[in-house]
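Colleague: Below, each chain spelled out in residue letters.
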Amino acid sequence: MWLVLIERLMRNRLAVIGGVLVIGLFIVAILAPFIAPYQPDYIDRYHILDPPSSKHLLGTDDIGRDVLSRMLYGSRVSLSVGFVAVGISTIIGIVFGAIAGYYGGIIDRIIMRFVDVMLSIPSFFLILSVIAFVGPSIWNIMIIIGLTSWMGVARLVRAEFLSLKSREFVLAARAIGASDLRIIFKHMLPNSLAPVIVNAVLGVASAVLLESALSFLGLGVQPPRPSWGNILKAGQANIEIAWWLSVFPGIAILITVLSYNLFGEGLRDALDPRIWERR
Amino acid sequence: MVTYLFKRAVELSVTLFGITLLSFFILHLAPGKPTDVLTELNPKITPEARERLEKYYNLDKPIIVQYLLWLKRVVRLDFGESFSTDRRPVWQKIKERIPITLTINILSMLLILLIAIPIGVTSATRQYSLYDKITTVVVFVGFAMPGFWLALLLMMLFGVQLQWLPISGIKSLNYENLSFFGKILDMGKHLVLPVFVSAFGGLAGISRYMRSSMLEVIRQDYITTARAKGLPENKVIYRHALRNALLPIITILGLSVPGLIGGSVIFEQIFSIPGMGRLFWLSVMQRDYPLIMGLLTIGAFLTLLGNMLADFCYALVDPRIRRQ
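So the protein lines, in turn, are chains A and B. Numbers 1 to 279, taken from our numbering, label the letters of the first sequence in order. Numbers 1 to 324, taken from our numbering, label the letters of the second sequence in order.
Hints are not guaranteed to be accurate.
Claimed, not checked - Rough simulated footprint, nothing fancy, chain A against chain B, three-plus residues with beta-carbon under 8 Å:
1. 142-151
2. 279-292
3. 301-315
What the hints assert, rightly or not - Chain A is nowhere near these chain B residues, computed Cβ spacing over 12 Å in every case:
4. Val2
5. Tyr4
6. Arg76
7. Pro89
8. Ile117
9. Gln127
10. Glu233
The hints are simulated quantities; they were obtained by calculation from the structure and are not laboratory data. From the three backbone atoms N, C-alpha and C, an ideal C-beta is built for every residue, glycine too.
Chain A extracted, bound-state conformation (with noise of 0.2 Å):
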């Protein structure tokens, strides 16, 4: 089975672009300490708002921080932030679906009002108003987002419940006295994972999105931590002399959030069986 899903994979020219940048990313954030040529915090002070140069290939910021080195280290942050803020929301996700669509009835009512209301509030305000209570830090953003998120991957497993629950193998493991918890976790969720595994790629790519733009604001991670998007917030104060400062980070962001997307689309359809039936 994973032959044959690799095997589609690869003829998807995009989704294999994709792929090979988040393992690139993937790299670069495991190896920041060796390849940043600075440590991120290390302040030259000669050199202070610097453009582009063989000193500091990125530039500098406004205290004398190498940019390069800086991002290096800014993209530990945001993939971290992506992926435990997806681990968070799925795991909700796949529990509150799960229970809606195995029980049905009234639990089923109640928890689908619930993600009505969540996916109602514009989700920016919640996750400020939620982070003026708790305070910005980099465990809270994590935690807020994967809160904040989850409602996407509950329909998605409801969804899928509400179809295997009438197939034979899930009445034939009632019939034979499994316990809800069994036939739940052992027999329905692993028929239900490839949507979910497909949502959790591209819930990375908005979680990163997201990070970025808290921090932006001054309400992500807080510097001294680099991240990206608290380098565009420099940028955006030195917008008239610093071009470097807004334009890097920005590309960064750009690059993960595309092929994190391009890779989550294309096995999608890869594991989308309509697709390759007809072929």
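Given chain A's structure and the hints, the job is docking chain B onto it.
Modeller: For chain B alone, kept in the frame of chain A given last:
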């Protein structure tokens, strides 16, 4: 149609009730009395402000009573007083900022429709052509583009380099001395970038939806019939197909309202526009809790209104729903 709208209105009021519950829950997120935590976290709060807050939320009463009493006030748009030095009622501060945020959001919604629908339709009618492939790539890049970064780039290009457009506020310093048309032109110039930036995020999505919706419609039998009876292709596409293809777009537009309102925080902060979004950002920075709660509730309410409006339009244009 009346029953349909009534049903939706009931559903939405249940949602609104849920929103107030959630807002209230967020206020009580922190352990202990909310005011204890507020005062610890916020050195700006004076003892009097704390007392006012305790009284406002009836913190000595059981939590359900607290909620009901709070709800009773919120219904009358009483959100308490702001913590900031002006101590003005929260609703007043929000009220004067709603028009500007709504104007920008409505303008950007119109811009989205004006650009995204033609793009979606043309790339659907020329599926797999070079044009279609190029727009697909542009849409993918558009999805990945952080709106605030685009804003920075545009500010650098049009504001700093070319000096064509102002980069902050909604009025020039000499605004009061301008003629009527001068005033309109001045405001227009200030709004170009913010409106474009806030529309940008929606452009990619809506043109994509428009394309797939159009593709679905032009495969249907009645389109073949229209072609078979010899109608010119333009008429088939723009008179027969477009009408039905637009239906799902109304729903998508309704669903994109929360994103637009939430997005105002970012672009209003970047362009220093005195709207709800910037007020929200300021209130979070200053931990002005009554203001935060008020804005959260009002923002959610506006979103619901937007959804309701979308439902109404949908019922208006789709006879199948009207007759249900």
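Colleague: For each hint, tell me whether it holds in the structure or not.
Modeller: Hints, verified against the model:
no., hint, verdict
1, 142-151, "holds (count 7)"
2, 279-292, "holds (count 8)"
3, 301-315, "holds (count 3)"
4, Val2, "22 Å, holds"
5, Tyr4, "17 Å, holds"
6, Arg76, "21 Å, holds"
7, Pro89, "19 Å, holds"
8, Ile117, "23 Å, holds"
9, Gln127, "16 Å, holds"
10, Glu233, "28 Å, holds"
Of the hints listed earlier, there is not a single one the structure fails to meet.
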